[in-house]
Amino acid sequence: MAMFKDVLETVRMIEKERLDIRTITMGISLLDCIDSSGAKSRQKIYDKITRLAENLVKEGERIENELGIPIVNKRISVTPISLIAGSSDDLNYVEYAKILDAAAATVGINFIGGFSALVPKGFTKGDRILIDSIPEALATTNCVCSSVNLGSSKAGINMDAVKRLGEVIKETAYLTRNADSIGCAKFVAFANAVEDNPFMAGAFHGVGEAESVLNVGVSGPGVVKRALEKAQDASFGEMAEIIKKTAFKITRAGHLVGTTVAERLNVPFGILDLSLAPTPEIGDSVARILEEMGLEHCGTHGTTAALAMLNDAVKKGGIMASTSVGGFSGAFIPVSEDEGMIEAVECGALTFDKLEAMTSVCSVGIDMVAIPGDTPASTISGILADEAAIGVINNKTTGVRVIPVYGKDVGDTAEFGGLLGRAPIMPINKNDCSVFVNRGGQIPAPIHSFKN
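Read in order, the letters of the sequence shown correspond to residues 2 to 453 in the working numbering.
Since the hints were derived computationally from the structure, they do not count as laboratory data. Do not rely on the hints blindly, as some may be mistaken.
[To be verified] The calculated DSSO-like cross-link candidates involving lysine-lysine, where the alpha carbons are at most 27 Å apart (straight line), are:
hint	residue 1	residue 2
1	K452	K431
2	K316	K397
3	K245	K317
4	K245	K155
5	K155	K126
6	K246	K155
7	K99	K45
8	K246	K231
9	K397	K246
10	K397	K122
11	K126	K99
12	K155	K41
13	K41	K99
14	K99	K317
15	K431	K155
Sequences and hints are given; from them, build the entire structure.
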């Protein structure tokens, strides 16, 4: 009963301040679906997902009605498919993506993540086949999301993977060119990927996880902004305390939803990811929080410092509210999904290079950024390498979700719709980095990786 009382104030914020549970994500292990026959393996995958997640959507909607807290997405993450399909004799894994898509349609979820490979130190046969299958897989499915972990603070950066993924992103953009290259919005390249992330496109169910778990992603940028609006003359310390207290309340609401759904589905509750994830709706913007702190526009000098304080205060407030805080937990900065960032790009305040600087202190990285369609694959690989280096050196998760929109250039806008929003095409550095990217091999792990 105490927890219900704790969230009453938060529930009252829903209508005006856009508090929501961004996702409930069921993680499902597919390790027992491995088979030398690809057809048999895929049938096991379909049967297991549809059995375990049969009531996921129904219970999510039931909780929405009972508590009055919106649950925007119901999702599934699975064991990285390269680990499952690698034992088969298949030479292409597109059929695995299609069976994931079919299972997602059967249970009625929004997205399914895990068409993934983990290659921070090298490739297996299955890793190579999966990576080569990504463009067609994302072009021929509706709900499937894909990710590749290409580096870690322990292993360094796999530059062969970096090079190949630049090409994969270009191929995906071309195959989905009739929809503003939207396939690229369903792919993310990581360094230091976490195994319990409930957010797409990068969610997968880690091999160290239980048979099945229920993870929750909770969001509420509008709640934080409204709280800061009431403290116009606050010092930095006072602002940090306001953000922490607000994050505490948001986290308690998410914890209640997650544990209740998990209990009803008879699966363990995994983690609660408190990430301020914006949407294109007015009043649901991370950029507007930063501007509320005193910035004329997101992207001006001081933006990185403001974002660092926001990210830290959110984490501190979340950790005090639940022992199950995990995933990324902090602030996301996806350009196309944040109306404030879209405006900042369009007025010239927010540049690609400034976004890169901001990723050193936010939850993840370069996210939902549209770039010119004629950007060379080597330049995209250079972007991946830069972002991976920030993660590896700073021992944090970083990711890249860029969309080279086929046929469009700076001044144009890509329209993705829904939560993915719209993205003005951003200019990027046109100087060549192909000689660097083509060297191949491994960027070694940093000195601080040796901790034993």
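Results of checking the hints against the structure:
Between the alpha carbons of K452 and K431 the distance comes to roughly 39 Å, so the proposed pair goes past 27 Å and is violated. Annotation: proposed proximity of K316 to K397 holds, straight-line Cα distance about 14 Å (limit 27 Å). A C-alpha spacing of about 6 Å is found between K245 and K317, which places the hinted pair at or below 27 Å, so the restraint holds. With a C-alpha separation of about 31 Å, the suggested pair K245 and K155 falls outside the 27 Å cut-off, and the hint is violated.
Annotation: proposed proximity of K155 to K126 holds, straight-line Cα distance about 22 Å (limit 27 Å). At roughly 35 Å between alpha-carbon atoms, K246 and K155 are farther apart than 27 Å, so this suggested pair is violated. For a cut-off of 27 Å, the pair hint linking K99 to K45 stands: about 14 Å separates their Cα positions. Note on K246 and K231: the hinted pairing holds, with a Cα-Cα distance of about 14 Å set against a maximum of 27 Å.
Of the supplied pair hints, the one linking K397 and K246 holds, its CA atoms being roughly 24 Å apart against a limit of 27 Å. For the hint linking K397 to K122, the alpha-carbon distance of about 17 Å falls within 27 Å, and the restraint holds. Of the supplied pair hints, the one linking K126 and K99 holds, its CA atoms being roughly 20 Å apart against a limit of 27 Å. With a C-alpha separation of about 36 Å, the suggested pair K155 and K41 falls outside the 27 Å cut-off, and the hint is violated.
A distance of roughly 14 Å separates the Cα atoms of K41 and K99; the hinted pair therefore holds under the 27 Å criterion. A distance of roughly 40 Å separates the Cα atoms of K99 and K317; the hinted pair therefore is violated under the 27 Å criterion. For the given pair, K431 sits about 32 Å from K155 by alpha-carbon distance, which is inconsistent with the 27 Å threshold.
Comparing the model with each earlier hint shows violations of hints 1, 4, 6, 12, 14, 15; every other hint is respected.
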